[in-house]
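Since the structure of chain D is already known, use the hints to place chains L and S with the ligands on it.
Residue numbers (the working numbering), protein chains in the order written: chain D, 1 to 168; chain L, 1 to 246; chain S, 1 to 604.
Fair warning: there could be bad hints in the mix.
Unchecked claim - Chain L side only, calculated, beta carbon under 10 Å to chain D, not exhaustive:
#1 Val141
#2 Ala144
#3 Asp150
Said to hold, decoys possible - Straight-line Cα separation of at most 25 Å, PhoX-like style, residue types lysine-lysine; simulated pairs:
#4 D:Lys95 <-> S:Lys563
#5 S:Lys299 <-> L:Lys151
#6 S:Lys563 <-> D:Lys152
#7 D:Lys48 <-> L:Lys219
#8 D:Lys48 <-> L:Lys214
#9 S:Lys311 <-> L:Lys80
#10 L:Lys2 <-> S:Lys37
#11 D:Lys144 <-> S:Lys599
#12 S:Lys252 <-> D:Lys37
#13 S:Lys78 <-> D:Lys152
#14 D:Lys144 <-> S:Lys602
#15 S:Lys585 <-> D:Lys152
#16 L:Lys193 <-> D:Lys48
#17 D:Lys144 <-> S:Lys78
#18 D:Lys95 <-> S:Lys602
#19 S:Lys318 <-> L:Lys2
#20 L:Lys117 <-> D:Lys95
#21 D:Lys44 <-> S:Lys299
#22 L:Lys83 <-> S:Lys311
Honestly, the hints are just simulated from the structure, not real lab data. Built from N, CA and C at the ideal position, the CB exists for glycine as well.
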Amino acid sequence: MVKAADEGKMLADIREILDNYPPEERYILAVMQDMQKRFNYLPKAGLKTLAFYVGVPLSRVYAMASFYKAFSLTPKGQYVFRVCDGTACHIKGSKILIEQLYKCLGIRPGETTPDGRFSIETVNCLGACALAPVVVVNDRVYAKVIPGDVEKIIREYGGYAHEGKNED
Amino acid sequence: MKIMIDAREVMAYPGETILEVCRRENIFIPTLCYHPAFKGQGACRMCMVEIIDSSGQKRLVASCTYPVSDGLKVITSSEKIKKTRKTLAMLIAGRSQASPFAQEIAEEYKVKPLFFKGFENEKCILCRLCINACEEMGSAVLAAVSRGVDKRIETPYAEGAEECIGCKACAEICPTGAIEVKEENGQRIIWHKTFDLIKCANCGKEFATPEQIKFIEDKTGRKMEKFLCEGCRKRQTAEVIKEFSV
Amino acid sequence: MKEKMKIESSVNKVMVCCGTGCTANGARQVLAAFMDKLRDNPNFEVVPVLKATGCNGWCEKGPIVKIMPQDISYCHVKAEDVDEIIDRTLLKGEPVKRLLYRDPVKKEFVTSIHQTDFYRKQHKIALRNIGEIDPGSIDDYIERGGYKALKKVLKEMTPDEVIEEILKSGLRGRGGGGFPTGLKWQACKNTPRFPKYIICNGDEGDPGAFMDRSVMEGDPHTIIEGMLICAYVLKAERGFIYVRDEYDLAVKYLRQAILDAREHGFLGENILKSDLRFDIELVRGGGAFVCGEETALIKSIEGYPGEPHDKYVFPTEKGLWGQPTVINNVETWANIPVIILDGAEKFASLGTVGSPGTKVFSLVGKVVNTGLVEVPMGITLREIIYDIGGGVPEGRQFKAVQTGGPSGGCIPASHLDLKVDFDTLTREGSMMGSGGIIVMDDTTCMVEVARYYTNFLAGESCGKCTPCREGIRALVEILTRICKGEGELSDLQLLRDISEVMQEASLCALGRTAPNPVLSTLRFFEDEYIAHIVEKRCPAGVCPALTTFYIDPELCTGCTLCKRNCPVDAIKGEAKKKHEIIEDKCIRCGECYRRCRFKAVKVR
Ligand SMILES: Cc1cc2nc3c(=O)[nH]c(=O)nc-3n(C[C@H](O)[C@H](O)[C@H](O)COP(=O)(O)O)c2cc1C
Ligand code: SF4
Ligand code: SF4
Ligand code: SF4
Ligand code: SF4
Ligand code: FES
Ligand code: FES
Ligand code: FES
Chain D
1 MVKAADEGKM LADIREILDN YPPEERYILA VMQDMQKRFN YLPKAGLKTL AFYVGVPLSR
61 VYAMASFYKA FSLTPKGQYV FRVCDGTACH IKGSKILIEQ LYKCLGIRPG ETTPDGRFSI
121 ETVNCLGACA LAPVVVVNDR VYAKVIPGDV EKIIREYGGY AHEGKNED
Chain L
1 MKIMIDAREV MAYPGETILE VCRRENIFIP TLCYHPAFKG QGACRMCMVE IIDSSGQKRL
61 VASCTYPVSD GLKVITSSEK IKKTRKTLAM LIAGRSQASP FAQEIAEEYK VKPLFFKGFE
121 NEKCILCRLC INACEEMGSA VLAAVSRGVD KRIETPYAEG AEECIGCKAC AEICPTGAIE
181 VKEENGQRII WHKTFDLIKC ANCGKEFATP EQIKFIEDKT GRKMEKFLCE GCRKRQTAEV
241 IKEFSV
Chain S
1 MKEKMKIESS VNKVMVCCGT GCTANGARQV LAAFMDKLRD NPNFEVVPVL KATGCNGWCE
61 KGPIVKIMPQ DISYCHVKAE DVDEIIDRTL LKGEPVKRLL YRDPVKKEFV TSIHQTDFYR
121 KQHKIALRNI GEIDPGSIDD YIERGGYKAL KKVLKEMTPD EVIEEILKSG LRGRGGGGFP
181 TGLKWQACKN TPRFPKYIIC NGDEGDPGAF MDRSVMEGDP HTIIEGMLIC AYVLKAERGF
241 IYVRDEYDLA VKYLRQAILD AREHGFLGEN ILKSDLRFDI ELVRGGGAFV CGEETALIKS
301 IEGYPGEPHD KYVFPTEKGL WGQPTVINNV ETWANIPVII LDGAEKFASL GTVGSPGTKV
361 FSLVGKVVNT GLVEVPMGIT LREIIYDIGG GVPEGRQFKA VQTGGPSGGC IPASHLDLKV
421 DFDTLTREGS MMGSGGIIVM DDTTCMVEVA RYYTNFLAGE SCGKCTPCRE GIRALVEILT
481 RICKGEGELS DLQLLRDISE VMQEASLCAL GRTAPNPVLS TLRFFEDEYI AHIVEKRCPA
541 GVCPALTTFY IDPELCTGCT LCKRNCPVDA IKGEAKKKHE IIEDKCIRCG ECYRRCRFKA
601 VKVR
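Isolated chain D (complex conformation):
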């Protein structure tokens, strides 16, 4: 899966991130944030190195990684659909958008398509409630999205509807 060269690069990246922080427990969270940003997930090698660096058991670091929503233990897709399911968006129909995404991509929130291209996440509130319902794809914000828009948005990223062939 991961080629040796990639692995070498990853370890170098991990070291670079760790170099920015003293080996203290209170920087675990910050290091994880940086790793998540760099790799789009928290690689096992990263967590192990981090645990060793600050001198805590891997179990503690792992518990943290699985506790906070910002972190993912498996790689996320190239395009991450973040559907706001905050209250304002919820009562304006975000649930239907999630259903539409499932129909089109065959994945539910927290999952990634097998080809690694798309992931779906729900978020609590993007702070743009006046524009509800809101969907963010990577950094692009889609405001006042209606169910009919979902397919169009997926197409923008080279996906096609019924990709997951989920008709139910």
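Positioned in the frame of chain D, the structure of chains L and S with the ligands alone reads:
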């Protein structure tokens, strides 16, 4: 200092919790996540008791974490406490459907468990005593993973952990039998990891893993001459004492 | 300095709102267009000053551009409009009418947003600078009286006098609990152990609320100043601002503000030549609602999962790393400098006796004007929703308003004249929370709303204690089966019983308040529960299993609006002819129901 428990005056020391005082005084309070070897966690909430504050207001608190203070008034049994424990029993048995231990709690409190979907094979009640035990041992292999209703006990990545020495301290402290230990053909399997078993030099019973022995040796800094199981060690010690006393 | 200010005030200022809402609407492009077209523009003697400000609170009308000193505000500005604004407003001094806000009732154009109904009833204390300054500029903050309060306490007040003033103001924590801030500081000051720590709680995990975010990204220095004043009182040397990492802009501006404050000698050693030393670190949270709870937040800063523990000893005694700690909410901090400068009496003259001052609310949901509003406490819900919010849009019927975030409660129309303050809302089974106000109309199903909030909490609870974790699991399971039409009447008592124990026995306030949505909807909307259980019908047309939509041929005008918006082509019919829903194809999304202007789509 003195505190009142159910209208009885008892002595208490600064830093103690209500539960610790009650245990010493033989006042029964049910607990699920407490063990005298560890600090109170306040997780299961079975140990809730009522306290009466200076203005006469009653309040439920977890006795395993509530620190005593001079003049504290505690009630260990009341309708409210009963109702709380009953509902907790209903929820615990509803979750831990495969554990006789949890089902007995429901029977004891005479409630019908609210069986949750998808928990037919669940035993764990998330008391976290296993985590505490493993941490105390020094391995700290187990973690309370994820959060909310998805919380569970696991080793990182759900695979055998380097630091696990197969001591099964976790399984021994677990009240529900949720931690699976398989022992056959001279091997022990626990938490996704297989260990060889060493035989007792006296009775031949397989009793410990080499990793465990090494762990103890490293800790005490002394090499063990003879591997004895707990039973044999006790018996031999008793004999030594007898010899001395003759 | 004086000279410079005089010139500045006569020069035009162009303020482009670049808060999160306006940015999502394209404000950055507008800003870039202004920058491009103003730079070296030969038509100006003095080129107007261009500023990117924080959220004006009216994101729905964004991007918003304000021109000062004339006080002209433009809504929905696009990059293409920039030429015209420069040409007509900045050069000729006349407004561009089509970009002004038009009052929907009076049909008049309003030159300044400050004269609109949305703004008129507001009273800004915590938000005083937001939208008026560039959050990246410490000079802007100082120009509007920033750091004067700090100077005042250092020169003129003893720590006890500061506490006295805060106590007199009656300020209560804006993070939800409503604990008197002065008492908290006093308790911490009286704990004779050092070091002491100060924390700003900027976790704001409430779905549908963005008050704290707007302060952090619109006026970061006010938080720093508030914390500095507290540091002086406690002799604390280190502070932490805990902010959600998803709040990109907030992180960016807070970071900048800390650097600038250090550079200007407001943070560091010998602050303003006194012996005060204090510095602040930014901690980026990992996205967990429960981390807003103070013991969980402390755990999180220490580098653990954010699991709360019993608070029988308060953080003011044993907080961060076991040391005495004061933790306050963002908005609480933002009020401090104003209380010090303007005096406690003036602050206390606003609001109610029990809850003085103002509160920022995020007003969202089925209401015409959505946005951030800061109003004196004691205002009624009706005033907020109708006078400021402009009521429920599209001729729909108001049904309920939810306050207090996910563990708040739903308040029905009959209670709209309730005064909004800490104690009244709690008495009605809801709470102030951090200030979310969500308006719901007759297309919102109250059972589903209860299920939504409870389900939210199912994923956001830390999962440590039994009543919360298993209690929420039970509530969700029961509510889900009611929404599916599989509920029984006995479920209602079960919901109440479990809720009661959760309220009493849960470890932290998350679990203790988690049943509020269920209990408040049961109290005011029991009929909807019964419709689901007995009649197997969802009156709001939300729960798919219990909903069938049909088009009333009498009312359908054949406008085709429903057909065009149906995501699955489940509506047939031609223009100007009666439309019809193909039941098998329909996914019950309700899009047609909400959209039809003639109310021809009905719920069976
Ligand atoms: C589940 C839960 C979530 C909370 N979230 C927040 C939050 O996002 N922001 C906040 O300031 N306070 C939050 N609080 C309240 C804090 O625990 C704490 O009371 C507050 O930060 C104290 O500051 P204040 O006195 O200035 O309000 C939350 C409490 C609970 C129980
Ligand atoms: S068997 Fe392994 S996991 Fe269990 S207590 Fe021993 S070291 Fe820890
Ligand atoms: S595995 Fe056993 S000891 Fe560990 S939390 Fe579950 S029930 Fe408790
Ligand atoms: S009440 Fe909920 S969030 Fe609070 S400690 Fe218990 S499980 Fe965690
Ligand atoms: S409810 Fe949705 S799917 Fe059904 S007809 Fe209306 S728009 Fe189409
Ligand atoms: S609820 Fe979706 S942006 Fe706030
Ligand atoms: S024994 Fe006290 S909460 Fe479990
Ligand atoms: S972001 Fe511009 S008004 Fe809110």
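Do the hints match the structure? See the list:
Evaluation of the Val141 of chain L hint against chain D yields a held restraint, the C-beta minimum of about 6 Å falling below 10 Å. At about 6 Å, the closest approach between the beta carbon of Ala144 of chain L and any beta carbon in chain D falls short of 10 Å, and the interface hint on this residue holds. Among the interface hints, the one on Asp150 of chain L holds; its C-beta lies about 9 Å from the nearest C-beta in chain D, closer than the 10 Å criterion. Pair hint Lys95 of chain D plus Lys563 of chain S holds up; C-alpha atoms about 20 Å apart against a cutoff of 25 Å.
Between the alpha carbons of Lys299 of chain S and Lys151 of chain L the distance comes to roughly 18 Å, so the proposed pair stays at or under 25 Å and holds. At roughly 17 Å between alpha-carbon atoms, Lys563 of chain S and Lys152 of chain D fall within 25 Å of each other, so this suggested pair holds. Using a Cα cut-off of 25 Å, the hinted pair Lys48 of chain D and Lys219 of chain L holds, with the two alpha carbons roughly 24 Å apart. Proposed proximity of Lys48 of chain D and Lys214 of chain L is supported: the alpha carbons are some 23 Å apart, at most 25 Å.
A distance of roughly 21 Å separates the Cα atoms of Lys311 of chain S and Lys80 of chain L; the hinted pair therefore holds under the 25 Å criterion. Straight-line distance between C-alpha atoms of Lys2 of chain L and Lys37 of chain S comes to about 79 Å, which puts the hinted pair past the 25 Å bound. The suggested pairing of Lys144 of chain D with Lys599 of chain S holds, with an alpha-carbon distance near 21 Å, which does not exceed 25 Å. Simply put, Lys252 of chain S and Lys37 of chain D have alpha-carbon atoms about 16 Å apart, close enough for the 25 Å limit, and the pair holds.
The suggested pairing of Lys78 of chain S with Lys152 of chain D holds, with an alpha-carbon distance near 23 Å, which does not exceed 25 Å. For the hint linking Lys144 of chain D to Lys602 of chain S, the alpha-carbon distance of about 24 Å falls within 25 Å, and the restraint holds. Distance check on the hinted pair: Lys585 of chain S and Lys152 of chain D sit about 20 Å apart at the alpha-carbon level, within 25 Å; holds. At roughly 19 Å between alpha-carbon atoms, Lys193 of chain L and Lys48 of chain D fall within 25 Å of each other, so this suggested pair holds.
Of the supplied pair hints, the one linking Lys144 of chain D and Lys78 of chain S holds, its CA atoms being roughly 18 Å apart against a limit of 25 Å. Distance hint between Lys95 of chain D and Lys602 of chain S is fulfilled; the C-alpha atoms sit about 21 Å from each other, no more than 25 Å. With a C-alpha separation of about 24 Å, the suggested pairing of Lys318 of chain S with Lys2 of chain L holds against the 25 Å cut-off. Distance restraint check for Lys117 of chain L and Lys95 of chain D: the Cα-Cα separation of roughly 23 Å lies within the 25 Å cut-off, and the hinted pair is therefore satisfied.
In summary, the hint linking Lys44 of chain D to Lys299 of chain S is supported, as the alpha carbons are separated by about 24 Å, within the 25 Å threshold. For the hint pairing Lys83 of chain L with Lys311 of chain S, the CA-to-CA distance comes to about 23 Å; that is within 25 Å, so the pair holds.
Comparing the model with each numbered hint stated earlier shows that hint 10 is the single one that does not hold.
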